[in-house]
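Student: Sequence:
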Amino acid sequence: MNRSLAAPHQRNWDLRAAGNFVFGGTGAGLIVTAALAAAAAAAPFRLPLAIGLFSVMIGLSLVWLEIGKPWRALNVFFHPHTSWMTRESIVAGALIPIGLIAVVLASATAALAAAALACGFLFCQAHILRAARGIPAWRQKEIVPFILATGLAEGSGLYLLAGAQTLPWLALALFAGLLREGAWLAYRAGLARTPGSARSLGIFDTQAGRLARGAQLVALVSIAMTPLLAGFPGIALLLACTGGALAALAGWGLKALLITRAAFTRPVAVPVIPVRGSGGGPLPR
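When we follow this note's numbering, the leftmost residue of the sequence shown carries the number 1411, and every step to the right adds one.
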């Protein structure tokens, strides 16, 4: 009779690794949103773009701090054909200077180029997790659209705090939040169909997971109600800022849980007991 060893929790990535996905994802989403504002010439974009770049750099710095021998970090650039981390670093190496050019010169063209690179950065982050074959919670194909959607939801949510609370930006934040909601539900459904994922699903059903989900739903309601209460500027401002902040906090909470607590490895089936000097035998019932 086959038995499975209990799936251990991965011990290589902690909150510093999660910080790369939190700050990097939010920064990339904010860069994309700021670039759209630059293209529309209808809202401020230089300060949000600078904050987005700084956020990406914070995320990368946290990964650097997590490396056991930080001064070997340059080795990450040597494996673009096999490593999504290498691709992420290469994209970031282009994103940061082009984004800085956009900030300094107030260039919408450079901002749009930075936005394209920010999308590539998010795509690499999603595939870093997707490539973890031994961890069901990361291996799901549905994790790619979730990481992309939550980055945009976090960035567009924070953009509302910059004072851009007119209808187009509220609509973008609401659209991004709904995309994330659909992506999260699809991810949960895919994970539920995966053997060995029960413990990961249980993490998302803890109090911390429920708080993150509640924040996402309250953010959607707050952002949707803001234009309906435009006749009450104080209330509308409070709703927009609350919705934007909660949109970011919800994504941060879910990603922190995903990286640090829900990352159990696959259970290992042991069909026979190894015995020295014999061919082994079946496990006793």
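For the record, the hints were derived by calculation from the structure and aren't laboratory data.
Heads up, a few of these hints could be off.
Heads up, simulated SDA-like pairs for lysine to any residue below, C-alpha to C-alpha not over 25 Å straight-line [stated by the list, open to error]:
#: 1; residue 1: 1551; residue 2: 1507
#: 2; residue 1: 1551; residue 2: 1514
#: 3; residue 1: 1551; residue 2: 1454
#: 4; residue 1: 1551; residue 2: 1639
#: 5; residue 1: 1551; residue 2: 1620
#: 6; residue 1: 1551; residue 2: 1651
#: 7; residue 1: 1551; residue 2: 1508
#: 8; residue 1: 1551; residue 2: 1573
#: 9; residue 1: 1551; residue 2: 1572
#: 10; residue 1: 1551; residue 2: 1449
#: 11; residue 1: 1551; residue 2: 1609
#: 12; residue 1: 1551; residue 2: 1631
#: 13; residue 1: 1551; residue 2: 1577
#: 14; residue 1: 1551; residue 2: 1456
Student: For a quick check of understanding: which of the numbered hints are violated here, in increasing order?
Tutor: 1, 2, 3, 4, 6, 7, 8, 9, 10, 12, 13 and 14
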